[in-house]
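Could you put the whole structure together from the sequences, leaning on the hints where they help?
This is what each chain is made of:
Protein chains: 4
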Amino acid sequence: MKETEIQQWIQDFYKQRGWSDYGPFERIAFLTEEVGETARAVRAMEIGRDRPDEDPQSAEGLKQDFIEELGDIMGNVFILASLYDVSIAEVLEAHKNKLSKRYNESIAGGQS
Amino acid sequence: MKETEIQQWIQDFYKQRGWSDYGPFERIAFLTEEVGETARAVRAMEIGRDRPDEDPQSAEGLKQDFIEELGDIMGNVFILASLYDVSIAEVLEAHKNKLSKRYNESIAGGQS
Amino acid sequence: MKETEIQQWIQDFYKQRGWSDYGPFERIAFLTEEVGETARAVRAMEIGRDRPDEDPQSAEGLKQDFIEELGDIMGNVFILASLYDVSIAEVLEAHKNKLSKRYNESIAGGQS
Amino acid sequence: MKETEIQQWIQDFYKQRGWSDYGPFERIAFLTEEVGETARAVRAMEIGRDRPDEDPQSAEGLKQDFIEELGDIMGNVFILASLYDVSIAEVLEAHKNKLSKRYNESIAGGQS
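Protein chains in written order, with full-length UniProt numbering: chain B, 1 to 112; chain Z, 1 to 112; chain U, 1 to 112; chain A, 1 to 112.
Hints are supplied without guarantee of correctness; some may be wrong.
Chain copies aren't distinguished; within one or between two, either way the pair holds.
[As the list claims (entries may be wrong)] Pairs of lysine to any residue, SDA-like flavour, derived with a Cα cap of 20 Å:
hint, residue 1, residue 2
1, Lys101, Tyr14
2, Lys15, Tyr84
3, Lys96, Thr4
4, Lys101, Ala59
Just so you know, these hints were derived from the structure itself, not from any lab.
As the structure is a computational prediction, the values presented were derived from the model and not from experiment.
See the structure below:
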């Protein structure tokens, strides 16, 4: 499935559930939650359980959690983009161009 | 370009630049930076300039900033996934499955 | 208890537990977790439970969670400051000065 | 200046400027910005400039930036607390109690 199809699918899903009504600041707050949970998933894999309220988990389970949290970030990014009529293809293209441009500038800077 | 090609491209780019050496906590910290800049881009579009250190910008420029920040988040998510040998296709699939499952559960819950 | 005493107490506590060994990027990642949990606590109070994995809670319990999350952010800020030999008194003073200065500039800007 | 006085001062300052009108999700989004800027300040101190859009800065300047960003986080935490009629003294007390309790539990757990 291409990223544009995924964005469409997620967008439709959110609309169906009535989750599309939240504004941009709610969206940023939800994204902040997911990034926090990703940080927690990384900590669980790297450092392990150091909080009494967390059960130990298998390596496989920890990695699955991590994958889900990354998915939640991407879902939030897709919905945030949709809020401003921005397609994910556009976002990825812009990122590729930005990296390429930065790289060329630093090459040029190094030669001068 | 499919998301797997983009992930490969970004991964190669990072390797070439020597940016692949950072560990998972550095990656989370970089992701935190980018999410903060996305929050700033959204504020700039929604509320406008309310800080003396920020110049006013055209609506088009503000939207372009927002697109770039979303791209930076995605780039960071791609690299973080690569660090654990996780493909973006896998992440997106997991997210779709999670949403579908949650939806079905809540339907079933509503019927009981 | 004054904020400097609290910082000292928290610093001692962390040292005793062996939590002082984490570097700055781990600290930023932990802070990111806590900010995410604060976002979740705010969502729980404002929007309520909309995730099947979360139990409903009393208003009092939700507020208590929120207070604890804010405390976790402050604890992390204190430890991050300590890592660079910065006192919280210094941080608060700098913030007050910054706000005052910004205010005066905008007054001056408005008069010209 | 005690932390309660600082909270009062910051609260009054925000009210005067009309910044008190923002709701909880805007507040979380602003906090997300500041945490991102703190992550950036830490990166600047630890890794240095690796982005072409950033000027090199003295070690003293970098540390000053870091202190200001921590102050911005604390200012945001204070205002977020005020939004729910929570005092910073209460937040710090709760954090201290939580740490103490967790410590005692883990001691007890270790003995059993």
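Outcome of the hint check:
Taking identical chains as interchangeable, the C-alpha atoms of Lys101 and Tyr14 lie at most 20 Å apart only when they sit on different chains, with a minimum of 14 Å there against 35 Å within one chain. In this homomeric assembly, Lys15 and Tyr84 come within 20 Å of each other (Cα to Cα) only inside a single copy, at 15 Å, whereas the closest approach across copies is 31 Å. For the homomeric pair Lys96 and Thr4, the shortest alpha-carbon distances inside one copy (16 Å) and between copies (13 Å) are both at most 20 Å. Within a single copy, Lys101 and Ala59 get their C-alpha atoms no closer than 39 Å, and across copies no closer than 23 Å, so neither meets the 20 Å cut-off.
Violated hint for the displayed structure: number 4, the only one.
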